[in-house]
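Go by the hints and put chain B onto chain A.
Sequence order for the protein chains is A and B.
Taking the numbering used here, the leading residue of the first sequence gets 1, the next gets one more, and so forth.
Taking the numbering used here, the leading residue of the second sequence gets 1001, the next gets one more, and so forth.
It should be emphasised that the hints constitute simulated quantities derived from the structure, not laboratory data.
Ideal Cβ placement from N, Cα and C applies to all residues, glycine included.
You may find that some hints are simply not true.
Pair ranges (Cβ atoms, derived) [what the hints assert, rightly or not]:
| id | chain 1 | residue 1 | chain 2 | residue 2 | range |
| --- | --- | --- | --- | --- | --- |
| 1 | B | K1051 | A | Y39 | 27 to 33 angstroms |
| 2 | B | P1070 | A | H72 | 41 to 47 angstroms |
| 3 | A | I53 | B | E1018 | 45 to 51 angstroms |
| 4 | A | I53 | B | K1027 | 32 to 38 angstroms |
| 5 | A | N7 | B | S1058 | 26 to 32 angstroms |
| 6 | A | E58 | B | E1102 | 18 to 24 angstroms |
| 7 | B | T1112 | A | P9 | 19 to 25 angstroms |
| 8 | A | G16 | B | P1008 | 39 to 45 angstroms |
| 9 | B | G1073 | A | K54 | 40 to 46 angstroms |
| 10 | A | E58 | B | E1040 | 29 to 35 angstroms |
| 11 | B | P1070 | A | R17 | 46 to 52 angstroms |
| 12 | A | F46 | B | S1066 | 24 to 30 angstroms |
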Amino acid sequence: DQQVKQNSPSLSVQEGRISILNCDYTNSMFDYFLWYKKYPAEGPTFLISISSIKDKNEDGRFTVFLNKSAKHLSLHIVPSQPGDSAVYFCAASSVDYKLSFGAGTTVTVRA
Amino acid sequence: NAGVMQNPRHLVRRRGQEARLRCSPMKGHSHVYWYRQLPEEGLKFMVYLQKENIIDESGMPKERFSAEFPKEGPSILRIQQVVRGDSAAYFCASSPSPSRYEQYFGPGTRLTVT
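Bound conformation, chain B alone:
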């Protein structure tokens, strides 16, 4: 049973470019959560999605960031016009139902903005 998959594992972008981070949840899981870990800090909640729906995006920066979880395919976290402050590790987690008890995390995508 494959775990949560994230790709790419490492992504380098120049300032002003777009970054697309992908997350494939565990089989049978239809709930996805994105977290961001800035240097020297803990993981911070960004957004919670179900298939085709954004349920809670209270942790997302108001501009340049968007997320989707289409009916088919992975969840995508999109960052437009990246800035150096976006450099971080981005983790996604999935669960079979809305849950704080059993979120399974992927290995993360490390984004570096040069």
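Bound conformation, chain A alone:
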């Protein structure tokens, strides 16, 4: 039962433009959301997070938006850089340490 879904397996964007990654969830008990970035042959590394009491969190080039009524969040990367080429995972949790992950979106930034 996939509680977190990333419906776009891949995204290609030109360097300098905006990357928008989307994530939907079904469990209304989720109250904390995270984005992880993964390079080949490495483990996922934490990128940015948002609590359900907020609708936006910004950290440098990365902004996460949360729409609780739609059970949807998105990650914006502006401007996109070649080093941003990676797999991005959306994750969610409800009160405890268990993280539920989406299947990931592979981002390719073209020069």
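Leaving out everything else, chain B in the frame of chain A:
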């Protein structure tokens, strides 16, 4: 400061054999989580351990899978009598305390069952 270490990175086993996956947490971390990623799916929680204790194994298959985190040495995920459906990437993460905020992941072990 070394990160989370996992070995082996790649493991090939024939059906019916045993697989042992090792995870050494970051220095100072005594909480370990194991996740499994099946093809085309996201990472799924399997088990949470502290030193010498299994805290939550709600995501572990009921049979053939076990995990431990001894007082000394790495955490071990053991899969007995492997089947083709066990082929997956297994990631462990560690944290200094029970946390959903700061789990640090290792590079994973890719298990292939032939």
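Item checked: Violated hints - listed by number, lowest first -> none
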